[in-house]
Amino acid sequence: MTGDTLTSSEYIKHHLTNLTYGNLPAGNYCDGHQVVTDPGWQLAGCGEAAKAMGFSAIHLDTMFWSITLGVLFLYLFKKAADAVTTGIPGGLQNFVEWIMEFIDQSVRGSFSSRNDMVAPLSLTIFVWIFLMNLMDLVPVDVIPAISQLLGIHFMKVVPTTDPNATFGMAIGVFILVIFYSIKIKGIGGFVGELTLQPFSSANPLVNALFIPINFILEFVSLIAKPVSLALRLFGNMYAGEMIFILIAIMYSAGTFMGLFGGVLQLGWAIFHILIITLQAFIFMTLTIVYLDMAHHEH
Amino acid sequence: MNINLTLIGQLLTFVVFVWFTMKYVWTPIMGALEERRKGIADGLAAGERGQHEQELAEGRAKQLLHDAKGQASDILAQAQKRASEIVDEAKVNARVEGDRILTAARSEIEQEANRAREQLRERVAALAIAGAEKILRKEINADTHQDIVNSLAKEI
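Line by line, the protein sequences give chains A and B.
Letter 189 of the first sequence, counting from 1, is numbered 189 in the numbering used here, and no numbers are missing.
Letter 129 of the second sequence, counting from 1, is numbered 1129 in the numbering used here, and no numbers are missing.
If you are wondering where the hints come from, they were derived from the structure by calculation, not from laboratory data.
Hints should not be assumed to be uniformly reliable.
Chain A side only, calculated, beta carbon under 8 Å to chain B, not exhaustive [stated by the list, open to error]: (1) 83; (2) 85; (3) 117.
For clarity, every value in this text was computed on a predicted model and none was experimentally measured.
Ideal Cβ positions, reconstructed from N, Cα and C, are used throughout, including at glycine.
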């Protein structure tokens, strides 16, 4: 808890607000706590101000934690890659090789074409998402309390509970899917895939009639790929985080409830170990499958 | 839960991370893994070859051992045969030698006996003569009756 005066709903809201830095229009925000006369780039004092910033804002906490974790991942793996030996591997190399063999097996299992980019992409996705999800297991109040001491009022430590992060990755994957679809099948092939199936006819006139129907069906299924990819991860992590926050509220409701909450948190955290790994794996596997589909004619 | 510039930031971060992984992480480690896999495969092949060679060598050794055993038993049999021959020979020799010694001893004994008999005869003859001398002192001359005495002694 950040203070005794917070109500439960304020506590939850506080935990779900990102540290937002953005272009805030003039106005009166946060019950008069943040009065802006000169519009300009500044930190949002509350969720309302963050919302008012619109698109020209950035979540500093999401960016900070995702980049920190990504750099940690790359640092460890680069360290292993620099010291790589074909002889007897050390502890770190063993660990890294274990993960990479696992990714390589997954890619070989689902991806039938040749593309040197898919496996590194899958590795990045899996490890990065796993690390970001792992932040969920840090008790929800620990890092916000530390940042509170440093004068930072909002701190959401799990980047994957921010749809920006999951959509960022999903859009990256989506761009690759479209890029490889066009590269492998040509623009004609790609457009044909969108318009000439699933319904087709030998009669050109009927075929022309089918084109809009096909396009609607195929376009929806094409768009559904990144959306489902992003929302699945976001939804799972957001819900998990929410439950941790709700459990954390119990700590302020007396000794018995606090102990009960402790047991619940332990149980949920143990169960969450499965979820964070599974979600990272699902994101990776679906990426591989989508890219595999992009490499194949139907 | 606002969608904002963070989206672009995350997208760019993602791209940079993927590029970095591809260039500096995946390629070298996978290369090393491939190399090790090859090394292991080579090692296994060499091991198999070695095992095959060992099997061949074992076969050769077994053959050699078998031959040696055969030779040894041949030699042993010959030696035994020779030994029994020697024993037989020795037995025969011993018997012959024993016979010879026996014969020599017998003949010596006989000679001894003959000699003793001769001496005895001579003694008896001498005794007889001495006796006769005592009886006949004057009447009989030893030189004159020598042939009679001798024929007497021979009769003993």
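**Prompt:** Which numbered hints turn out to be false for this structure?
**Reply:** 1
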